[in-house]
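*Asks:* Chain by chain, the residues:
Protein chains: 2
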Amino acid sequence: METYDYVKSVSTAAAASKSAMAGASTKTKNAVLARIAELLRTESERIIAANTLDLENADANGVPKPMLDRLKLDKKRIDGIADSLGELIMLEDPIGSGTRTTRPNGLVIEHIRVPLGVVAIIYEARPNVTVDAAALCIKTGNACVLRGGKEAIATNRVLTELMRRALCDNGLPENAVALIDNTTRESSTALMKMRGLVDLLVPRGGAGLIRSVVDNATVPVIETGAGNCHIYIDKTADHDIGVKVALNAKMSRPSVCNAIETMLVHESEAAEFLPKFTAALGDKTLEIRGCERTCAILGCKVAEESDWATEYDDYILAVKVVSGIDEAIAHINRYNTGHSESIITGNMANAERFRNEIDAAAVYVNASTRFTDGGEFGFGAELGISTQKLHARGPMGLDALTTGKYLVTGNGQVR
Amino acid sequence: METYDYVKSVSTAAAASKSAMAGASTKTKNAVLARIAELLRTESERIIAANTLDLENADANGVPKPMLDRLKLDKKRIDGIADSLGELIMLEDPIGSGTRTTRPNGLVIEHIRVPLGVVAIIYEARPNVTVDAAALCIKTGNACVLRGGKEAIATNRVLTELMRRALCDNGLPENAVALIDNTTRESSTALMKMRGLVDLLVPRGGAGLIRSVVDNATVPVIETGAGNCHIYIDKTADHDIGVKVALNAKMSRPSVCNAIETMLVHESEAAEFLPKFTAALGDKTLEIRGCERTCAILGCKVAEESDWATEYDDYILAVKVVSGIDEAIAHINRYNTGHSESIITGNMANAERFRNEIDAAAVYVNASTRFTDGGEFGFGAELGISTQKLHARGPMGLDALTTGKYLVTGNGQVR
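As you go down the protein sequences, you meet chains C and X in turn. Under this note's numbering, the first residue of the first sequence is numbered 1, with each subsequent residue one higher. Under this note's numbering, the first residue of the second sequence is numbered 1001, with each subsequent residue one higher.
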């Protein structure tokens, strides 16, 4: 079968399960999640065997070490995934919640949350996403179509088989969790074109995937994960807090989207703050690319214009000395991707201006941008971090997988 | 100047006013709306003079009569627009509302409503939309770019001049209401491509405009107005209610998107109900295109497959006899555009199935689909009726013009 036809057949099968999923009770959906957790634990040896195969293939194909680590599942990680399903069970089911008003003509208008329908996710070699994403969809009564990376395909086959078994065991259609068992670029592009079958596509990946989606997608998309994040050290900043937060925001996990890429420092603080910051790095390696004034203080590599727009995802930090809050806000609003931005300041008027004028999903005062995360925000799991303004902005939890429906009841009203 | 560059310069000027608009207080924004209402009344003669020019040009160009009627502004209609601004002033300002939680680590996370930024609207020859759309944007702290139809350009010039004066009179930037003073197809297409400048595009128009947006737009879009709506007369329907509601839903204003295009009738009711329905038409003309069983009863024109998918927007109704609720739901979910669907029934179990299983923005029991409207739902004005699931579904009021922002305040928290 042609790739396009294959993707269409999988999407059509998922769409056929929409009605049963939308009608499932919270109790049934939670029973599916509990059953998945149980199967993950009892079948962990099979999962690990498939994952070992994936790891061997990936290693033989020269996949870099950090990616191998993200690909790996061991008993402890599988238990962690099963535990997070337990947390998801505890969260309130948004489906069916809503408001009810009676109009002067007697019409009763209810506005309730309903599932989107079919949610497709394109992602890379992290098999935990396979379970996290499917579980969020199950909890919200959505069907899902999963297109994971080729490195994880053997693991993903076992994981989806177990999730489909859990659906069947609870009287729900197994096609509500559907795996695209074809990891070519064509299958990814085909999925972007399933207009009428896919209600939402969430691409989780790098700039290349996002560009491909913008160019090709005809289905509704929520863009996630582009994070050119900043920290601004204001004139009145507590330097100890500034050093601690900036170090955490850059160094704790540079490959993630909520890590900072540029640090802006007020000109009155730079001469004292910048050496203090580099001293605090200790034996850790960080490449600094600075403006001329930064380089005059630190003797670092000179930043080019393109550095201000780059998401390094690496141990590299662009640094710029600015004249104050106006320049800081203008710089950030020019170069940021609408993800997470932080100000370190003791001046509450400046904090307020930063909160109001910075255009981003999350704006921090005296705290690390690394907190932009569904778990840290208290949403349980997350499907990704939206950097767009429509529908969902910031960490996407259960609510982002729902839409509204007006139910109007009358006794013959006409207009 | 090239059309694209012109549209870009207008959009850039509108975007430059975002920060001032986002920071405007509810009091100031309401003062602008009150001033617009005042100017509409005091300058009504100038508006009518410009509108007369538009009407003369349109008439000379052979514009059909119903469109001339939609284009026309007289003193009474201008007063109506001014009155609706008064109602908008009374509505609660969503900007700044939200929730606040404190996390175990002491971080305070606020989630507040903020403006989208720049909202663009492409619409046809209805000058009231110029004021309604701009007023909704002003109330929600958004800048707007208006691309109205060529037939209304003289009227729109005067209306936007008055609205810009009202902004200036209250210390806000006049470019927050921007008119694209170029009504070529190129200006419309250019506006669809203002990625990074336009945060939301709302096309209000027919299938041709929607297709052009799907093909060309690179900015976020909310599709509005496609309405292939149905009514289903169930086995236990009260025939008097069925006739009254079906007549209203089809005949009261067939050109609007919430009018019905197809009526489905249970096979046990058809022989009695259908003649009763046609008799109730009296001297009104309605072309019926029926399935074979309908034609056997009414002697009407035979419907083709394409009729089930057609939004006539005219005095034409497709009619089909169905075997029951299953066939009715399957037919509607196959052909509808996700707008408004109604069941007439005395069977509460069937009503519940219809409410749950029909995939549409608004689902009615024993009432006319014509109520799907921001005013009728109690939202004050509306920017259009969304038929998509992301962000806004159904009538779009003030909330649809906002997005969320997380404001996180700490005292040095790191992760």
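Among the clues, some could well be false.
Claimed, not checked - Negatives, chain C to chain X, calculated, CB over 10 Å:
no., residue
1, Ala13
2, Ala49
3, Asp59
4, Thr310
5, Asp314
What the hints assert, rightly or not - Among chain X residues calculated to face chain C with C-beta under 8 Å, some are:
no., residue
6, Asn1248
7, Phe1377
8, Lys1405
No lab work stands behind these hints, which were simulated from the structure alone. Quick caveat: nothing in here was measured; it's all calculated off a predicted structure. Glycine included, every Cβ here is placed at the ideal spot set by N, Cα and C.
*Asks:* Now tell me, hint by hint, if it's right for this structure.
*Replies:* How the hints compare with the structure:
1. Ala13: holds, 17 Å
2. Ala49: holds, 34 Å
3. Asp59: holds, 31 Å
4. Thr310: holds, 17 Å
5. Asp314: holds, 19 Å
6. Asn1248: holds, 4 Å
7. Phe1377: With a minimum Cβ separation of about 6 Å from chain C (threshold 8 Å), the hint on phenylalanine 1377 (chain X) holds.
8. Lys1405: holds, 7 Å
Consistency with the previously given hints is maintained throughout, with no hint failing.
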